[in-house]
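Working from the sequences, and respecting the hints, build out all of it.
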Amino acid sequence: MKVLVPVKRVLDYNVKPRVKADGTGIDLANVKMSMNPFDEIAVEEAIRLKEKGVVTEIVVVSIGEPKAQDTLRTALAMGADRAILVTSDTKVEPLGVAKLLKAIADEEQPSLVILGKQAIDDDNNQTGQMLAALTGWGQGTFASKIEVEGDFVTVTREVDGGAETEKLKLPAIVTTDLRLNEPRYASLPNIMKAKSKPLATKTAADFGVDVSPRLTTLKVEEPAKRSAGVKVADVDELVGKLKALGVAK
Amino acid sequence: MSVLVWVEHDGTAVKDATLPTVTAAAKLGDVVLLVAGEGVSAAADAAAKIAGVAKVLVADEAALAHALPENVAPLVATLMADHDAFLVPATTNGKNIAPRVAALLDVMQISDILSVESADTFTRPIYAGNAIATVQSKDAKKVISVRGTAFEKAAAEGGSAPVEPVSGATDAGVSTYVGSEIATSERPELTSAKIIVSGGRALQNGENFHALIEPLADKLGAGVGASRAAVDAGYVPNDYQVGQTGKIVAPEVYIAVGISGAIQHLAGMKDSKTIIAINKDEDAPIFQVADIGLVGDLFKIVPELTSKL
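The listed protein sequences derive, respectively, from chains A and B.
Under this note's numbering, the first residue of the first sequence is numbered 1, with each subsequent residue one higher.
Under this note's numbering, the first residue of the second sequence is numbered 1, with each subsequent residue one higher.
Take the hints with a grain of salt, since some may be wrong.
What the hints assert, rightly or not - Here's a subset of chain A near chain B, in silico, CB distances under 8 Å, partners left out:
hint: 1; residue: 22
hint: 2; residue: 64
hint: 3; residue: 65
hint: 4; residue: 120
hint: 5; residue: 124
hint: 6; residue: 126
hint: 7; residue: 226
hint: 8; residue: 239
hint: 9; residue: 247
Hints were generated in silico from the structure; no laboratory data involved.
For clarity, every value in this text was computed on a predicted model and none was experimentally measured.
We put the beta carbon where it would ideally sit given N, CA and C, even for glycine.
Pasting the structure below:
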């Protein structure tokens, strides 16, 4: 079976984001960009399913600026088979991404789509669920374990208070949580090999999907700064502070 | 404006997470609650008592058990013909259902709002809470998830809203619930605890976590949290995790023990009223947000602190 894995190029998770002085967004000039960490987990899971003989082909997709090609090459170096890059002049929101992925799913007919549970830039946590709605497929969100058996996928999900297991009919949508797996690093030979793997480039317009944004960002600000704290010298002083706060007697 | 709120419940009681969502909904218009599930009459009665609620819709059908989004979302999308906004608490269930509803309605969801600026304008955190975006929605209907710590809880008692049954839910036939493992704890629930004691990687193992963090928490009547490092290393279960990808908390007092304070952890707790850090590294980033810091060895400090309380 075929697996589709959408990946997003985002500000590297180790970089502290800086708000632009004019309040229009985050300064992304000359900062390190990487694959969204949850998407790495999605790619890894697809590869593991291929290694188990469950999956025959892994297609990775990225939607955004042409530089997203780097992110796709990373996924190819990890072990994906081919890539599709959909470029767009404007920023595409989760609803638009879901519509483009629906169009790609119609063409590619995957049995499984594995996405990250959220992108660490917009922190939306929407795209997988939206794609599931548009395709009418079952959704296994926040997955910490997935098992494909016959025409079904069993997904263990991280929920408030513990874990929950659901069985979904294939084709289905799965979104990854941190605990699903530990993504591998691409080796140098695989990075070289990835350069010759197929990468198709399309534009959002090719799919005839309206991706015009529904939300307008009026401004982006720094969160309120916390006032400077104090250091206490020992436990007695800390106990005194806790008593003053009324949390200890 | 009529606002439909999805009620998080366990069949009999309404979960606390619903109450701040009701407060956010009341800022937009008339609040109508939806209690969906199987055998939920007790939860519906409890929902009707929440202050400031105009009406409670009850959808009690087998297909709605376990809040499977494949079955819940189409029902909500149908009900939305009569409402202008759909709000959910930003819990795992809320996050699972709301985007599916939004796509069925062909609208963008606004995730995890911190404030209601006007009927179409909201603030929300982006980049792990390192920036706050003010966004305006052009969609006719709004679908919104609400960050519980950003709004006061509506009073759970005092209301007497009429309860009205709704039907029409069907099983989409694509998903089935198999089972769940819910961790039981005597301690206060993390997202509503007034005090939280959290442990990190520096505890070295699960035994130390139980031996040091839990007695301190119990002394203070606190909930117990953890950093991702502590969870990944297996010291405590996943649902203890506080952070961008775990739980977002904002207690009165947050005590971070042996937690360095990575961006992703701070995203989950930096709105706490008072932050106390205990760490042997005086340059640890946690001290940049801590109101009270104590530099030293947690293996000495924590037992001493527990005994002196």
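Verification of the hints:
For residue 22 (chain A), the interface hint is violated, since its Cβ never comes within 8 Å of a Cβ in chain B; the closest pair sits about 13 Å apart. Taken as an interface hint, residue 64 (chain A) does not check out: its beta carbon lies about 16 Å from the nearest beta carbon of chain B, beyond 8 Å. With a least beta-carbon distance of about 18 Å to chain B, the hint placing residue 65 (chain A) at the interface is violated under the 8 Å criterion. Given hint, residue 120 (chain A) at the interface with chain B, holds; its Cβ is 6 Å from that chain's nearest Cβ, closer than 8 Å.
Given hint, residue 124 (chain A) at the interface with chain B, holds; its Cβ is 5 Å from that chain's nearest Cβ, closer than 8 Å. Interface restraint check: residue 126 (chain A) against chain B, minimum CB-CB distance 4 Å, threshold 8 Å, status holds. For residue 226 (chain A), the suggested interface contact is upheld, since its CB lies about 5 Å from the closest CB of chain B, less than 8 Å. Given hint, residue 239 (chain A) at the interface with chain B, holds; its Cβ is 5 Å from that chain's nearest Cβ, closer than 8 Å.
Satisfaction of the interface hint for residue 247 (chain A) is found here, the shortest Cβ-Cβ separation to chain B being roughly 5 Å, below the 8 Å cut-off.
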